[in-house]
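Colleague: Chains as they are written, first to last, in this note's numbering: chain A, 1 to 333; chain B, 1 to 305; chain C, 1 to 308.
Hints were generated in silico from the structure; no laboratory data involved.
Take these hints with a grain of salt, some might be off.
Which residues of chain C face chain B? A few of them, derived with a C-beta cut under 8 Å, are [what the hints assert, rightly or not]:
(1) Ile146
(2) Ala158
(3) Arg208
(4) Ala241
(5) Leu246
(6) Leu261
(7) Thr269
(8) Thr276
(9) Leu291
The beta-carbon is built from N, C-alpha and C at its ideal position, and this holds for glycine as well.
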Amino acid sequence: MVLNSELRTPNSELILEVKDLQIHFFTDRGVIRAVEGVDFSVRKQEVWGLVGESASGKSVIGQALIGVVARPAGRIVSGEIFFKGEDILEKSPKEIEKIRGNQIAFIPQDPTTALNPLLQIGFQIGEAFKYHRGLRTSSIAEEIVKVMKVVNIPSPEQRVNDYPHQLSGGLKQRVIIATALSCQPDLLIADEPTSALDVTIQIQIIKLIREIQDRFQMTMILITHNLGLVAKMCHRVAVLYCGRIVEEAPVKGLFKDPKHPYSRGLLASLPKGEKGNVELYTIPGQLPNPLYHPPGCHFSPRCPYASDKCQEIPPMEWSSEDHRVRCWRWKEI
Amino acid sequence: MGSYIIRRLLQSLIVILGVIIITFLISRVLGDPVALLLPPEATPEQRAFLTKDLGLDRPLYVQLLVYVGKVLKGDFGQSFRHQEPAMKLLMERVPASLYLSLVATFISIIIAIPLGIISAIKRGTIFDQIGMSLALLGQSIPAFWAGIMLILLFAVQLGWFPPSGYGGPKHVILPAVTLALFFSAATARLTRSSVLDVLDMDYVRYARLKGVPEFVVIMRHVLRNAFITILNIVALQLGLLLGGAVITEFIFSWPGIGRLSLDAIYNRDFPVIQATVVVAASFFVCINLLVDIIYSATDPRVSRK
Amino acid sequence: MGRDLGELRKDLSIIDVGKGTARDERILKLKKQFRRIPKAAALIILLLLVCAIFSPLIAPHDPIEQNLPNALKPPFWQKGGSFTYVLGTDNLGRDILSRIIYGARISVIVGFAGVLVSGMMGTFLGVVAGYFGGKIDSVIMRLTDIMLSLPYILIAIAIIGAIGPSLTNIIIVLGITQWVGYTRIIRFEAMTLSKSEFIEMAVISGTRWWRILLVHILPNVLNSAVVLGTLDVGKMIIFEAALSFLGLGVKPPTASWGGMLADGRVYLTFAWWLATFPGIAIAITVLGGNLLGDWLRDELDPRHQLKA
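Here chain A stands alone, though its shape is the one from the complex:
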């Protein structure tokens, strides 16, 4: 497994601090506690990974960071999100509009649905320029072509007038990335940037994102279910299970020595390229119903090390200077 040895060590100043974030969804059938008390911080120029299965709440966190939580059902019940020292949850809609796309950029999962089919791609890339940098139309055209070149879109001068349906999936994702980069954001959030693409294209896009991160020394939050991606791209990674972070560590540390039973299960289920008939490990049990999370540690019903104490929510503890885990029994296992 290729690790992130080529990534430069990030600056240790914090750009993002999330404290006790709680996001609930109020539906006809009950309350879904999608995010239950999540704390983390991201340093400048760091690539921070958030790993989890679907329904773990990872996408919701990504959305919350940029200020879109699915209304009317979803609501941030409590918590603080400090971006560059200011709590963005306290800001007015207009202020947040200024931050979005400008200082914090977002790369959504599916490039096909993210682009308006009736508008030219050049225009859609330039929208961000227009509202954040207030450039005049003449200079915008240049800038658009420039950023298209950064993401390696061939013949950008001609493609500017194309419509989304005329582009392949990979190209569309490059357009999205170009849009995200257009205002040189301080923080880039990528939500499953490759999941909607063909495998061969995925590799290209991952390479592109790495290049960009390297070149611009951009701070990135990578949200994914793909551990391999995390290994390639991230400095640190947090593992999310049912709305709670259960472990966070530098990538090397997590892969070498996972402390939480869930993380262990995840890593154990990765195929390791062994020869012969090897049965793949799967974590026993199933994800709990989002409406009814088990009391205490959400993972306890499936955990091989569960004990009575696990009926209480385990606190987050530091196993070493940069490695923390949320489990009562991490010391023993």
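For chain A, the structure is supplied; the task is to place chains B and C on it using the hints.
Modeller: Structure of chains B and C alone, referenced to chain A:
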């Protein structure tokens, strides 16, 4: 795009042809023109003569072909009732119907579309609930009853408007509002649902993610994409309006094609009935064709391959 | 956190910070209330059915019996009115209320029978068009286009004018003109279904086409058909009322709401109640049908599960 338009054109022609054939069949089924044209005392020889004269003794498919040929030239024959070409009678009444329909459409568009859009944007709020309740009410009230009630209130009780007759704004307003009632209600609801569909689209969300101001998101992304659907809705309603104005014209004694066709049906005046049906149907088909052409020209997915 | 960012809340996409559980409970309650709407509609329909079925028991007077000395009595709250004839009498001295109650029979029969006939026709054609595709589909689609472009009122009037007004004929005409609404939508569903794997399996394993249609496709489109049907009941009732209004509906002296409207129109200037009450009856009934249909559609719409 060209092939799309040609295809639609062909389809439209087939539909109009089908309408013509159906009107032919219906009137043949409904009654014997000879019996209608002649007084009961007519002799068998007179009947035979007329039958031959009208070409009714030839086989059915021949009659059909002759009929279609004539219709395509605009010739529906002489009205049984009035001694004039049916087409001419019809055309005399078209302006009145058009006037009424356009006023009704105008009123509806001004009320319904903004209502639908704002209700969608403010989904779930009081505005939305009240707006849609009103729309639902409007769809539930039978138009002819509403017309009568309007006459009762505004003409009889208040005396602001005349209860019937043809004329300028004072005369057209009550019938137009009556027609507009159902039209607006349906349009408002359909507009709302199509705008809602667009609002849920990922690209709208993404535009916000880019930091585009909300107002611009609505104008540029939401409305532009909902536009063609709304246009479709309006066109459909407009097409239906011509046919549905029959009762309204009756209530308000409005001299349009609806009244004409109603009288024609009472009088078994087939040429006029046929003419009305074919013209009304053709109008509807043409409007839809127009909308489709506009769609193919404005949606890049169709106009550029 | 106790913050109430009112401005923030109104904005569609912005973070909505709540006050915590109390407010959320209220929102949940409101949503539960929304689900109560069909109860009002259900009540209306129930009332309609009761009137239709039990009319002899409920109606205070005979709806057909003429009573000329009592003609044109106003409703009880106006001068000259009384509680004997709660909503007044018409020009032949018949009790308006009783006529409305009996009129429900016509509306119910027309509403349900009309929907049944047109629904069956439309669904059948839609399923055939969607499943077989190709030429059959094209033909059926052209047919629906033609039917759609014909002004339905004129056609209905013309046909009734020819075969004569009667309840059965009205239902026939409704069936002939209204089936189109079902075909389009059912066809689309049938097409989607036909492409699904379990249909492929059925075809591969040799199931006959009529069995596939009957057992696999039809039950699955029934959902939509029922929703469309419920929404159409109101349309049918209005249609019948319109025809009766023009004198082409049920023959007098049978009480029909549309017919009452026609009678009432003549006396509008001095006996407003003849025309007003039947119209209200129609409006309420149709409203009930529409509400019910809407609710049904929302309940069965899979997308609705995502939106709270």
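Colleague: Just to be careful: measuring from the Cβ of C:Arg208 to every Cβ in chain B, is the smallest value less than 8 Å?
Modeller: Given a least distance of 32 Å, the restraint on C:Arg208 is violated.
Colleague: Taking 8 Å as the limit, does the beta-carbon of C:Leu261 come near enough to a beta-carbon in chain B?
Modeller: Holds, because the Cβ-Cβ distance from C:Leu261 to chain B comes to roughly 6 Å (cut-off 8 Å).
Colleague: Can we keep the C:Thr269 interface hint, with Cβ of chain B closer than 8 Å?
Modeller: holds, 5 Å
Colleague: Once the shortest beta carbon distance from C:Ile146 to chain B is found, is it less than 8 Å?
Modeller: At 4 Å from the nearest chain B Cβ, C:Ile146 passes the 8 Å test, so the hint holds.
Colleague: Double-check C:Ala158 for me: the hint is only fine if its C-beta lies closer than 8 Å to a C-beta in chain B.
Modeller: Status holds, d = 5 Å.
Colleague: Is the interface hint satisfied for C:Leu246? The criterion is a beta-carbon contact with chain B at less than 8 Å.
Modeller: holds, 7 Å
Colleague: Given C:Thr276 was flagged as interface, is its beta-carbon under 8 Å from a beta-carbon of chain B?
Modeller: holds, 7 Å
Colleague: Hey, does the C:Ala241 contact hint survive, CB to chain B under 8 Å?
Modeller: holds, 6 Å
Colleague: Taking the closest Cβ pair, is C:Leu291 under 8 Å from chain B?
Modeller: This interface hint holds because 7 Å falls under the 8 Å limit.
The structure shown violates just one earlier hint, number 3.
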